[in-house]
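Novice: Keeping their order, the protein sequence lines are chains A and B.
The first sequence begins at 142 in our numbering and counts up by one.
The second sequence begins at 306 in our numbering and counts up by one.
Incorrect hints may have been included.
To list a few chain B residues with every Cβ distance to chain A over 10 Å, as calculated [what the hints assert, rightly or not]:
(1) D403
(2) P453
(3) Q477
(4) T484
(5) E564
Dumping the calculated DSBU-like pairs for lysine-lysine here, alpha-carbon to alpha-carbon at most 35 Å [what the hints assert, rightly or not]:
(6) K186/A with K367/B
(7) K384/B with K466/A
(8) K186/A with K297/A
(9) K254/A with K474/A
(10) K589/B with K186/A
(11) K367/B with K288/A
(12) K589/B with K389/B
(13) K254/A with K186/A
(14) K464/B with K474/A
(15) K186/A with K404/B
(16) K464/B with K212/A
Treat the hints as calculated values from the structure; they're not laboratory data.
Quick caveat: nothing in here was measured; it's all calculated off a predicted structure.
We treat Cβ as the ideally placed atom computed from N, Cα and C, and that holds for glycine.
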Amino acid sequence: MNEYLDHLSANDNDIYDLLISGKQRITVSVLRELLRDRGIFCSAKDEREDICDYISMIPHGFHDIEAIVEKREPPGRRDKTTNIQFDSEIALDDIKEAVESYMKTIGPNEEVKHRIGRDGGYVIKVEYDEFNHNRAKLLQRERNEAKIDFLVENGKTVVRLPATDKAKRVVEAIKECVEQRRKAPLAQEKVELAELSTPELRSKFFTSLISKLPGFKLRNVMNLKVSSLRRSEETDESLGIDLDTAESEARMEMFAVVHSMALSGQNLVQSKEYKELSQRGFYITHISWKSEQIENPPNIVQFEAGFEDKHNCLGFRYGVQGEFKYHKGSHRKGISPVDDKERAKYFSLIEQTALKLKNELLAETEG
Amino acid sequence: MAENDNIARQAEILASELFAEFFWDRIGPTNHDWPCEATEEHGVTTHPCDVVYYYDEPYSAKRTYVHCDLKSYAKGSIKSPAIKSALISLGKQTACADKSAEWQDKHAHDDVTYSICGLLFVYNHDGEYDADFNTTLTFVANESLHLPKGKKLFVLGPKEIFWLDNVSHEIQRMRGKRTPELPGPEHCSFYHPQLVRKANLQVKKAKGATLETLTSPVIILEARDPRGKAERKIVVFYSRKGETTHEFTYLIDILRKYELLDERTQVTIKTLNPDPNSSPTFQKSQQQYIEGLAGSSTDLGEYVLAIRYEPITEIKSTYSSIDLGTWA
Chain A
142 MNEYLDHLSA NDNDIYDLLI SGKQRITVSV LRELLRDRGI FCSAKDERED
192 ICDYISMIPH GFHDIEAIVE KREPPGRRDK TTNIQFDSEI ALDDIKEAVE
242 SYMKTIGPNE EVKHRIGRDG GYVIKVEYDE FNHNRAKLLQ RERNEAKIDF
292 LVENGKTVVR LPATDKAKRV VEAIKECVEQ RRKAPLAQEK VELAELSTPE
342 LRSKFFTSLI SKLPGFKLRN VMNLKVSSLR RSEETDESLG IDLDTAESEA
392 RMEMFAVVHS MALSGQNLVQ SKEYKELSQR GFYITHISWK SEQIENPPNI
442 VQFEAGFEDK HNCLGFRYGV QGEFKYHKGS HRKGISPVDD KERAKYFSLI
492 EQTALKLKNE LLAETEG
Chain B
306 MAENDNIARQ AEILASELFA EFFWDRIGPT NHDWPCEATE EHGVTTHPCD
356 VVYYYDEPYS AKRTYVHCDL KSYAKGSIKS PAIKSALISL GKQTACADKS
406 AEWQDKHAHD DVTYSICGLL FVYNHDGEYD ADFNTTLTFV ANESLHLPKG
456 KKLFVLGPKE IFWLDNVSHE IQRMRGKRTP ELPGPEHCSF YHPQLVRKAN
506 LQVKKAKGAT LETLTSPVII LEARDPRGKA ERKIVVFYSR KGETTHEFTY
556 LIDILRKYEL LDERTQVTIK TLNPDPNSSP TFQKSQQQYI EGLAGSSTDL
606 GEYVLAIRYE PITEIKSTYS SIDLGTWA
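Chain B on its own, in the form it takes in the complex (with noise of 0.2 Å):
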């Protein structure tokens, strides 16, 4: 599938802006293509690469090497066939990425452990985003993608993407009001908790967001003091409408579990295009849940009272007005 050049620079631009705030770092060149290791079986001599980054796994001591394929494309013209196909490639190159001394020597680092994933990464570039595009996975089964054990392919789409730059662009907003109300990135991390079945590693290490966060409706920044004070705030994204004091309790309880509610913690909870009722909604949530807690004057019912709530009032398009091409 040939890429018209403008358009694969336009999508590598928002991407590498956009998983930079992530803390997704870059390795290798970009847009090249690399022999094919498995000739006979994918039918192919070579396989595309556009870009690859890569991030340190919290759960393992393993660094993620991300093997993208960017996309872009107009509002409705996009098909499952064509996402099909993308993945079915996108699976064989993986595959491939594992066995292939080429892409190793460019791509990834001597001394790690690590694992290659896949990302499909499809924006459209005119108007908003296309709310069918998710049905058209649907009709990808599994096998035909032909994965070895253990391997994953990721599809963030238009949606997904639209919701994602606007996170980094409200942290990036925070950052940059005359007072902060963030600090810079050096002083900012992904929050990954503890679980029950599996440890947090490397808690220092592993900053950036991994995909499995990216693609859950709950992504938590962390920010430490400059100053190195023990103080550290909380922002908590949250990507549902926020229409049910179900949710509110629940995400509340989340924060709880991880052990955010406390007294050196300013924890604040962002939506975006939430439910017009979204903010009675979560003080009612509040109040719930301190009632549960069988009374309102205890530490945590005070530090559940104090979770402040903001829906995000900036929103940024992603979309440029140019239409640049789409893919055959």
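Okay, chain A solo, but in the shape it has when bound (with noise of 0.2 Å):
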């Protein structure tokens, strides 16, 4: 079948598919809202099944569609960050010229825009069409983009960019062509923390970072998520499913643990059921914190950070969820985005502090 006709409209089947799959986000107060939107009521007694079903068999608009797309996904969702540190500068003329033999290679379904940032680094948008094959038939095809900044700051070059395939594989090519112009290897820095061997120091790495980013004082810990070195000892399927149970109750343990660290300001080694997780193999692997910032404005702002893969403690990912904006002697109670130039600095005191603590970890294991 030609692929433009397949993604251009929604017959009733890719609805239902898209409605009925969405369980999480669209739930039946979801479909309630969706059909009242028309001025349609359905009994409180309709099960979510026949409420996809009657939606699915109703005329819709593109509209109509964009909306179940948007309350499957909110827009606000936006890849996770993560960047390389190279331990030299580089030209921006070297970088212009990299990404210019890049856009020699690429397809016709993608756009590269380049130019020279206004704090003096290099930008480059990458816009691309991708498939998603996780999701409904209609939803598969998107148009996507990517935004890579090289700041050339202080002898390092640090490239941010989202966490994503694609993001990383554009860097890979651009770093090729500029070690191809250079005619020697750039020397990477990457926050990893697959030499750290003890479940302690992996989620010092965490604790510390939601405690010592400058210029913030942690509030209060949203969420987190642990993995057990176990793990990659053991591989028996049997075995993976007690693993699975004992690591979703280690993460409420870990979780009321921090937390209350948070709030109380103890230390964390002290406390005993830490010290009994640790010695059962879990740590951290990823964490969302709400830290107040300590100069005025005293906004709270929440930060993500984790790795993508969580056994081996590798590609280092991190997100500014939004911040409570301080208003009249107390905080907003809506979160709303961080503009770009804010964003950026948050990005930056999370690369440097997780950085240096990673540094400082690994010189605590040689020790």
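Hints given; two lone chains; assemble the complex.
Specialist: What follows is the structure, encoded as structure tokens:
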């Protein structure tokens, strides 16, 4: 079938699939809301499946499908960010040349725009189509954008990019071009904890990150994920299931401990539960938290950080989920997006702190 | 909620004219009370009934009876508690109608399988339609309506009534031209496509527009040739603004999927108060669609190019200048 036609409109079956498979976001109340927007009220006794079936057979226009898609995946969703640090300053001309040679290799569905950044770095924007096969048929073709920033400062080059495969491939290609031009490999510095062999040190990376972010004081821990060192040692399938249960219990325990540490300021290492969790091999792999800016205005910013490969702690990625603005003596209840300039500042704080902590913790192991 | 007789009559005349154009039939007496079948639960001894219409369903071998509550109000006078209590009361009425022998004697045919739904018809009789009306619905929780499983209530507010009234007016205008653009009602029906998961079981019988169609952005009228030729006309009434090529390519593509693009079919798309650039945007969408099909010299390409786009030019205001009073 013509791929173009495949994605232009939705038939009743596409709509049914779209609704029924999005169980987490397309809840019964969301379904009722979709109907209510048309002036239709269904019985509170109707099952989710009945409402999906009903909605799928009523006529839809483009905006209706767009509204369903937005409910499935809110537009505010951003890819997490990751970064690569090179140990030397790459000349802007070299980056420009490399981007231009990369552009000769791309297909028709990809578009690259590039220029010198306002703050002296180099900015590359890549727009591309990607098929996402996890999604319903209608949503598969997505136009994506990857903004890649090269920041050249203090003898280093920091590349900030979305934590997607595509962006990583683009950066890798550009890096190769630069290396060819310079006729020398670029030394890279990454935030990776594979060499930290104990659960305590891996968890300490996160607990330090959230409490030592310069210019901020920790307010609260919102969520965290854990993994176990035992997981890589044991591959038996039956054990895998047990581990899943154990891991989800450990996650709750770890969350409780770290949460209370955040609120009371007490030292985590002294906690009996924390010691026990570490002894059982559990360590933190992802965390989201709120910190309050020490300077005025004391806005509260919600951050997240974690590893893509949680077993080996590789592929550090992070995000700023938004902020609670300070207004007339209290904080607003709703979270609002952070503007690009502030976001870049916060990213830089996380990157620098994370790298510094990694080096300190490595030194601790070696020492 | 006692209504002034005048208001009831005004709303009734409007509704009757409107729904007749969409091939709904009225059945039984209007403006009467009938005994409640759950007096303790509902807290009333009788329920009101303004009017009942019926139409046949395309996707099931069923007839739908629409139990209506007709309301009229002045702009700005409507508040969400009034809407909520009207909906709660309508919910009780439709639940009771299922059990009431008297309701069924008056309003239902003996030999058909049917279901009963409720319709709250709310129009404001002064000035332009009230854009804020629809937000009042967001405060009504489905739980508060206590509807039995599978039962539905529909609301046609001022904006929807304005749209539907103009669709009906345009159909009449097209019929009434010196060279009629549409044949008489006996040759027309509203189009319900064959779906993937459901079949249109009553293509001939179900010629009316269902409530699902009337509350949707796309209403399709199919007119057969009165002389019995195989040609047909399709008029697509599209309620949205036509601001982007996406929405028009979407519309063109569903027409293709509905099997309405062929040699013997003339398709016209009509909009009401569209975006000022909607005509060029539509043309662009036709071009883009054809390009996507890999080339313009295909049959489908020709059918797409032959689709006409005509915003409705004669706009009818639904509202009377006489203030008929408001509801409590």
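Novice: Hints first: check each against the structure and report whether it holds.
Specialist: Outcome of the hint check:
1. Even its closest Cβ contact with chain A, about 12 Å, leaves D403/B beyond 10 Å, as expected for a residue assigned away from the interface.
2. Chain A draws P453/B into its interface by the beta-carbon criterion, the shortest separation being 6 Å against a cut-off of 10 Å.
3. At roughly 23 Å from the closest C-beta of chain A, the C-beta of Q477/B stays outside 10 Å, upholding its exclusion from the interface.
4. Listed as a non-interface residue, T484/B keeps its Cβ farther than 10 Å from every Cβ of chain A; the least gap is roughly 31 Å.
5. Separation of E564/B from chain A is adequate, the least Cβ-Cβ distance of about 12 Å exceeding the 10 Å criterion.
6. With a C-alpha separation of about 22 Å, the suggested pair K186/A and K367/B falls inside the 35 Å cut-off, and the hint holds.
7. Proximity of K384/B to K466/A is assessed by CA-CA distance (about 33 Å); at most 35 Å being required, the pair is judged to hold.
8. Restraint check: the Cα-Cα separation between K186/A and K297/A comes to about 62 Å, which exceeds 35 Å; the hinted pair is violated.
9. For the proposed pair K254/A and K474/A, the alpha carbon gap of about 38 Å is over 35 Å, so the pair is violated.
10. With a C-alpha separation of about 46 Å, the suggested pair K589/B and K186/A falls outside the 35 Å cut-off, and the hint is violated.
11. Proximity of K367/B to K288/A is assessed by CA-CA distance (about 56 Å); at most 35 Å being required, the pair is judged violated.
12. Taking the CA atoms of K589/B and K389/B, the gap is near 44 Å; set against the 35 Å cutoff, the hint is violated.
13. Between K254/A and K186/A the alpha-carbon distance is near 53 Å, which puts this suggested pair outside the 35 Å criterion.
14. With a CA separation close to 34 Å, the supplied pair K464/B and K474/A stays within the 35 Å bound.
15. Between K186/A and K404/B, the direct Cα distance comes to roughly 18 Å. Compliance with the 35 Å bound is thereby established for this hinted pair.
16. Taking the CA atoms of K464/B and K212/A, the gap is near 25 Å; set against the 35 Å cutoff, the hint holds.
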